[in-house]
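Peer 1: Protein chains in written order, with numbering that gives the first Met the number 0: chain P, 0 to 165; chain F, 0 to 483; chain U, 0 to 116.
A few of these clues could be false.
Dumping the calculated DSS-like pairs for lysine-lysine here, alpha-carbon to alpha-carbon at most 30 Å [said to hold, decoys possible]:
| id | chain 1 | residue 1 | chain 2 | residue 2 |
| --- | --- | --- | --- | --- |
| 1 | F | Lys-161 | U | Lys-58 |
| 2 | F | Lys-351 | F | Lys-30 |
| 3 | F | Lys-30 | U | Lys-37 |
| 4 | F | Lys-30 | U | Lys-110 |
| 5 | F | Lys-161 | F | Lys-30 |
| 6 | U | Lys-37 | U | Lys-110 |
Just so you know, the hints here were simulated from the structure itself, not pulled from any lab data.
Each chain, letter by letter, is given below.
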Amino acid sequence: MTASAVVFWVLTLIVLASAAVVVLSRSLINSAFALLATFSGVAGFYVLLGADFLAAVQFLVYVGGILILLVFGVMLTHRIQDLDLRAEARQLVPGLFVAAGVFILLAAVATRTPWAIGAGRLPSATTAEIGRAFLGKYLLPFEAASILLLVALIGAALIVRKREDA
Amino acid sequence: MPAVDLRPLLPALIVAVTALVVLLAQAFTPKGSRSPSMGLTVTGLAGALLLSLTMASDGRYGRGANTGGSVVADDFTLFFHVLLIGLALMAALLSPAYYRENGGDRGEYYSLMMFSLVGMLGLVSATEMISMFVALEIMSVALYALCGTRRDQVESQEAALKYFVTGAFASAFLLFGMALLYGLSGSTSLARVARGVATATPEQIPLAVLGCGLLIVGFGFKVASVPFHMWTPDVYEGAPTTVTALMAAGVKAASFGAFLRVFLGSLPTLREEWVPALAALAAITMVIGNLGALAQSNLKRMLAFSSVAHAGYLMTGMVGTTEASAQAILFYLVAYGAVNMGTFGLIASLSKGGREPLSLQDVAGLGARRPAIAASLTVFLISLTGIPISGGFVGKFYLFGAAVNAGYTGLAIIGVLMSVVSAYYYLRVVVAMYMREPEGEDVWSTPEAPGRLAALIAVAVTLGLGIWPAPVLDLARAAALSLL
Amino acid sequence: MLPVYVPILILAVVAIGFAAFTIVASHLLGQPRPTDAKSAVYECGMPAIGTARERFPIKFYLVCMIFILLDVDAAFLYPWALIYPQLGWFGFVEMLVFMTLLGGGFAYAWKVGALDW
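Construct the complete structure from the given sequences, taking the supplied hints into account.
Peer 2: And the structure:
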């Protein structure tokens with residue numbers, strides 16, 4: 000096995016094991032902390048694929064931001080640590096069938112199709128390339144993204160605002 | 000430095016700048032005095048509407064212009080721009096009275112409504128998948144927040160949460176589908192995707208079909224087609240009524256715009272694959288939407304199921320995949336938009352002290368007490384049913400005609416049968432208004448001038464499309480031709 | 000590709016290893032002699048009242064939301080900063096538009112008291 004194959008399997012183990020804890024744990028806090036390992040493992044995959052910018056963003060936004068938000072969300076809620084919040088598996092069997100079916104379909108198609116974007120040349124550092132795409136070809140969605148962030152900001156401020164002045 | 004032609008973006012830019020101005024005006028207005036939110040909003044939207052009309056009528060002002068391969072101002076875009084800005088303008092006119100009765104006439108609502116409109120405008124003009132996705136998210140995120148703005152009502156909070164969760168789910172499907180098509184064609188540009196799909200090797204076809212399927216799921220959520228409609232009744236009921244109006248009229252139109260541009264415009268070579276799927280969805284959507292509406296006693300929920308049913312009618316038109324079907328859908332979106340804006344708008348205008356007329360008892364005797372309002376509502380309900388002299392009739396005629404021409408006669412028959420079923424629940428409201436004795440005091444507000452203006456426009460458009468549909472049909476045809 | 004990341008990996012291993020080592024070592028080497036006073040929540044000052052698992056004010060959530068938005072903003076800035084020298088004024092104006100929009104939202108949030116405690 001090559002070094003990258005070893006790294007891949009180690010990462011896979013980390014991601015799958017921690018994801019299982021996220022889903023199966025009784026304690027919401029434990030789930031949130033297990034998510035830390037999942038997110039970090041995914042960042043590792045990005046590194047393995049040579050997507051250094053994505054890896055950095057994964058750490059910056061998911062590990063550093065979303066996870067904190069989740070933990071706050073848990074703490075905002077009264078006595079949530081004492082509740083068993085796992086969703087009831089009411090339609091487990093049909094759900095499993097649909098999920099398995101979609102997975103098999105996607106996996107089969109993904110592995111058999113000759114992709115137009117092949118495993119060609121990898122840019123050694125992707126960040127500058129992404130910057131050029133942002134400010135060139137994808138300038139408009141790039142600027143539109145700031146509107147999206149602005150809307151999210153207004154929405155958050157509006158929903159969290161004190162009730163009296165509503 | 001890439002050459003950027005900003006003209007296709009100008010209407011959206013005006014709306015976005017107005018939204019920012021309204022937002023900051025609200026924040027920097029001293030406590031106690033009112034910020035001129037509605038005036039600013041109407042001015043900005045009217046400016047954007049005028050500009051879109053100018054662009055549509057004269058090529059010199061940017062019709063056909065293209066911004067860096069991301070958005071295009073073709074006839075299709077401009078048709079939708081005029082429609083969507085017009086609908087938002089009506090929603091803005093309806094809002095102040097409604098928010099005064101239901102708590103808090105604040106700048107943020109107008110601002111978010113306009114940002115949502117920016118997303119809709121981008122959605123129908125995008126010719127590239129990343130732009131399309133970002134526009135869709137702008138539209139949706141603004142609406143998630145708007146749904147939850149009635150802080151005192153738990154239904155409103157529930158609507159925001161449900162819409163957010165299902166909407167995020169839908170976005171994920173859409174994005175996955177886009178990623179697969181990108182993987183097939185190596186480009187996010189819709190034109191390149193079309194070429195990639197047209198020249199796909201047999202081994203690549205499953206990928207294209209799977210991408211198509213995921214896109215249908217994503218768009219299915221956004222246009223509220225069965226089986227992706229579960230959120231609709233709760234969200235339509237819980238959201239503030241003026242927001243519901245914008246959702247029912249604007250979001251449906253914008254989502255169908257993008258749906259048409261992707262499927263008719265870029266994936267026609269795969270029509271053998273996606274048309275049967277769409278036809279099946281259209282059939283169950285019409286049946287379940289109409290049967291669901293039969294069981295509702297709350298007017299907003301009834302109209303939500305009616306919105307589901309109409310997604311089915313519109314998809315019935317889409318199976319034709321010709322320019323005639325695109326024309327029929329565009330025409331029907333105008334008729335449907337006006338009617339929904341009018342119906343929800345009248346419900347909102349009548350609301351008083353946090354209550355709205357939502358049951359048959361509430362509207363009983365309205366014909367005697369408020370003849371003008373009852374007559375307007377009757378016009379809208381007749382159009383929703385599809386009875387002649389209304390825009391709804393002409394629209395359904397062309398929609399079902401497109402399905403018949405495509406060989407889907409059975410689908411058209413289901414559509415007609417379901418329209419007959421729908422007459423029961425729509426006309427039940429008319430009967431209550433005219434034939435039943437009013438119960439109790441008349442507790443509802445009198446619509447104010449801006450609200451009356453919006454309702455009047457809706458009635459005029461509905462009857463105008465029914466009596467003299469030719470001009471809009473011609474415009475819809477030109478728009479459809481620029482797409483195909 | 001991968002060797003570039005070896006220093007980062009070493010850093011991560013050292014960081015995690017040091018934390019784990021400290022905890023394990025102090026557990027093994029320390030000789031715990033608990034007394035009532037030492038085991039109290041606070042060794043000095045007020046006795047603790049109620050549970051530590053109190054609800055946090057919603058304000059934290061808003062601050063966190065704003066943090067994430069600025070976080071994403073920073074993620075957008077990062078590739079821009081790398082190629083900024085090649086872009087010159089064009090790049091500057093583009094980023095200015097981007098930041099103005101977000102700045103407007105920030106000014107709004109500040110002004111309406113979303114950041115007040």
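Peer 1: Each hint should be assessed against the structure and marked as holding or not.
Peer 2: Status of the hints after comparison with the structure:
Using a Cα cut-off of 30 Å, the hinted pair Lys-161(F) and Lys-58(U) holds, with the two alpha carbons roughly 23 Å apart. At most 30 Å may separate the alpha-carbon atoms for a hinted pair to count; Lys-351(F) and Lys-30(F) meet this at roughly 25 Å. Taking the CA atoms of Lys-30(F) and Lys-37(U), the gap is near 53 Å; set against the 30 Å cutoff, the hint is violated. As the CA atoms of Lys-30(F) and Lys-110(U) are separated by approximately 11 Å, the hinted pair is consistent with the 30 Å bound.
For the proposed pair Lys-161(F) and Lys-30(F), the alpha carbon gap of about 34 Å is over 30 Å, so the pair is violated. As the CA atoms of Lys-37(U) and Lys-110(U) are separated by approximately 47 Å, the hinted pair breaks the 30 Å bound.
Checked against the numbered hints above, the structure breaks hints 3, 5 and 6 and satisfies the rest.
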